[in-house]
Amino acid sequence: MQNQESSSHRGLGKGATLEKLYYPYGLSVNALDTLYVVVAANNRVMRWLQGAKQGTVILGGNGRGIAANQFNEPMSLSFDKNGNLYVVDHINYRVQRFTRV
Numbered sequence: 001m002q003n004q005e006s007s008s009h010r011g012l013g014k015g016a017t018l019e020k021l022y023y024p025y026g027l028s029v030n031a032l033d034t035l036y037v038v039v040a041a042n043n044r045v046m047r048w049l050q051g052a053k054q055g056t057v058i059l060g061g062n063g064r065g066i067a068a069n070q071f072n073e074p075m076s077l078s079f080d081k082n083g084n085l086y087v088v089d090h091i092n093y094r095v096q097r098f099t100r101v
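Heads up, the sequence shown is in the numbering used here, so the first residue is 1 and it goes up one at a time.
Hint data in this document are derived by calculation from the structure and do not stem from the laboratory.
Be careful, since some hints might not be right.
Stated by the list, open to error - What follows is a list of derived Cβ distance ranges for each label pair:
| hint | residue 1 | residue 2 | range |
| --- | --- | --- | --- |
| 1 | Lys14 | Asn82 | 15 to 23 Å |
| 2 | Leu32 | Arg64 | 17 to 25 Å |
| 3 | Gln54 | Tyr93 | 18 to 26 Å |
| 4 | Lys81 | Ala41 | 26 to 34 Å |
| 5 | Lys14 | Lys81 | 18 to 26 Å |
| 6 | Pro24 | Gly63 | 17 to 25 Å |
Being a predicted model, the structure only gives us computed values, none of them experimental.
C-beta atoms are modelled at their ideal positions from N, C-alpha and C, and glycine is treated no differently.
With the hints as extra help, turn the sequences into a complete structure.
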């Protein structure tokens, strides 16, 4: 068996502060080990730099809604080869594309 390295970030419970992950669902990690997480209960997408104690809201976080800068229970995300981000916005029945986040 090969040696494997593991790390995790504990979301520290419910809430909207930047060190909390309240119902995290989808995630993606890029080549720089930056973690992107969809946080459904806070209707936002967060970016966590390697070793960071808290994340940064990069999309959403403006309350629940249907505007272009809002989500209603986002569930997953994916990047394409050009760096565009796609977010599945569950309750709004849509997939949103964000150019080079």
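Enumerate the violated hints, using their earlier numbering and listing them in ascending order. Per hint list: 1, 2, 3 and 5 violated.
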